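Protein sequences, first through last, are from chains D and R. The numbering of the first sequence is this note's numbering, which starts it at 31 and goes up by one. The numbering of the second sequence is this note's numbering, which starts it at 31 and goes up by one.
Any given hint could be a false lead.
For chains that are exact copies, the list does not tell them apart, and a pair is met inside one copy or across any two.
[To be verified] 30 Å max Cα-Cα, derived DSSO-like pairs, lysine-lysine:
hint : residue 1 : residue 2
1    : LYS309    : LYS147
2    : LYS375    : LYS357
3    : LYS182    : LYS32
4    : LYS309    : LYS64
Hints listed in this document are in silico derivations from the structure and should not be mistaken for laboratory results. Remember, it's a predicted structure, so these values are computed and weren't measured experimentally.
Number of protein chains: 2
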Amino acid sequence: MKILGVELPIFMPVATQGSVKSLSVSELQSCGYKILLSNAYHLYLRPGVDIIQSFGGLADFMSWDGMILTDSGGYQVFSMADLRRVTEDGVEFSSHIDGSRHFLTPEDVINIQLKLKSNIIMPLDEPVAYPCSRTDAEEAVRKTTVWAKRSKDHFFKFFSPGDEKRPLLFGIIQGSVYNDLRERSINEICSIGFDGYAIGGVSVGEEKSLIYEIVDFSASKLPSDKPIYVMGMGTPQDILTCVESGCAMFDCIIPTRYGRTGTAFTWQGKKVLRNSGYKDAAGPIDAQCDCFVCSNYSCAYIRHLFNSSEILGLRLLSFHNVYFYSKLMSRIRESLTGGSFKALKNKISEFYKEG
Amino acid sequence: MKILGVELPIFMPVATQGSVKSLSVSELQSCGYKILLSNAYHLYLRPGVDIIQSFGGLADFMSWDGMILTDSGGYQVFSMADLRRVTEDGVEFSSHIDGSRHFLTPEDVINIQLKLKSNIIMPLDEPVAYPCSRTDAEEAVRKTTVWAKRSKDHFFKFFSPGDEKRPLLFGIIQGSVYNDLRERSINEICSIGFDGYAIGGVSVGEEKSLIYEIVDFSASKLPSDKPIYVMGMGTPQDILTCVESGCAMFDCIIPTRYGRTGTAFTWQGKKVLRNSGYKDAAGPIDAQCDCFVCSNYSCAYIRHLFNSSEILGLRLLSFHNVYFYSKLMSRIRESLTGGSFKALKNKISEFYKEG
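Full structure from sequences and hints, please.
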């Protein structure tokens, strides 16, 4: 399956504030990435959507010669903003930056993403925390559906459904850990009808096994002719497990966050480069990797950079990790075509088993 | 005049701990740099010279396909280390990292730099603060001469003077703000004889005009057939002024430090990119600059990165500034050949006047 001409499954590096932390757009391109993820909530607050619109959209603002999926910011409003108040009509909140008061309706959130010129747009939803009572989860499902309908109606004021150049609009599934609510959400969102479906409200504190169950259950109920996107996941193991369940799109801060804190992803598992064992290690992070970091720099040098708080260390390691994720997705795509996915999953899982 | 095949005057980016802050070696190479500066004191303490030696030297450790000048660390011992005790034989100090006790003789400092495989080696000297009494300045000159002699004697146990592949050894001039002491230091250091001469102990708190006077006086007394290196300077104005006095080598943290704090060097003077005036500025940092940052990114985007504490901002601006310095030195070299130095100095000074 493809999305916007890009073969799935894919991983999207996270450019929350319009930058994949420490990396240049040409570096991201050199990894083979075609779609980045950014965040409407953050960009709406800073620098403001009008500035970005004046540049012709977010891709042009950040000089990214590729596509962008923007998260609506629903999750950020619920996890970062203060003094939050949810009404039938939208969300009122205080900016986590300057405390300023904002009110956003589902229509506003579509407008923001249209101004950002996102290629894939996510509607405003109501995510819930974990654990979450059945009543709260039920209400979040209801509101997410109402808002999804309003989002779609608003979106198609600007485009005809047959317009091949229009952005894509996804639907988001909620329902917390309750299978019947997940199923209800799927039925409601799918009957509205979207270009793809995102499984939201997972990986918010649940056990891994429970996350995998929810994703597997949801993916089995979603239409198989549209891409399924698992929001905010994950580790190599998460991705392999969710791909097996039929999911095709992923985003996660893990490769860059781990890169900033000194942990490398390799084909032999994670490596904590601060460990003293690497103090005179002349080899690259991963002998099987052909990225510019592994082609040029030793573990000992990168360890020295981290120990000396040199910015270059986190930059090099972020690049390596983002490159690793790109190669991981290539291997997954090849294995799906070649019928060797199960073998690949077993091989990588050996090194990336959780716990 | 050339040094190690490199046409002078040059600016050397500062890789204190074995990394020019936030920049990759291939980026530095793309700017045209051939010689970086690093610091024996820092590398001796962390990661330790034996580790670097096991990689074949500092250039190989940091994957730098070029040359390196190492500062002896004299200045760092006197400015950063605690519990410092200077004897006739050397300096005893506590590490600023872990408080460990160290004692280094002039011979040790040569050995460290030989292990680092530096291309240009600086002897241990005794810098002084400003203001500095005549008595203290006189004693520093005396000790610097004694140590310089010991450094040279030790150095030439490993090389014959005619060896064309040996590293270069520079002498350092002290004398604070006292012209007669500067002259005494120059006479003593030059009678020992070195491959080049560094003017040390300037820019430690004096007024700019006084710094320029000392440099001009010292340069006028130094032999004109050897490179003169002004340590730890400077701004574009500093460099132009000191080149006019006959100096040929410079190092300074300014381009990267300003880059990390949001100030750009341009051919129209400095630009503070955090200023709100740049919030929707679509143009590059400098329309006259052809670096990859100016070719790709707008002021507004870079301002947004700084305002959002995104690492990419300081990385892009550090690159631009280091590129600017490389071009500044190219222009200076061309102007010296073409006889238009004075015109270039006047033109740039217009935008970089101090105060």
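Hint-by-hint comparison with the structure:
For the identical chains of this complex, LYS309 and LYS147 are inter-copy neighbours only, at 19 Å across copies versus 46 Å inside a copy, given an alpha-carbon limit of 30 Å. Taking CA atoms no more than 30 Å apart as the test, LYS375 paired with LYS357 passes inside one copy only; the shortest distance there is 14 Å, against 51 Å between copies. For the homomeric pair LYS182 and LYS32, the shortest alpha-carbon distance inside one copy (22 Å) is at most 30 Å, but the shortest distance between copies (69 Å) is not. In this assembly of identical chains, LYS309 and LYS64 lie within 30 Å of each other by CA distance solely across copies; the values are 28 Å between and 36 Å within a copy.
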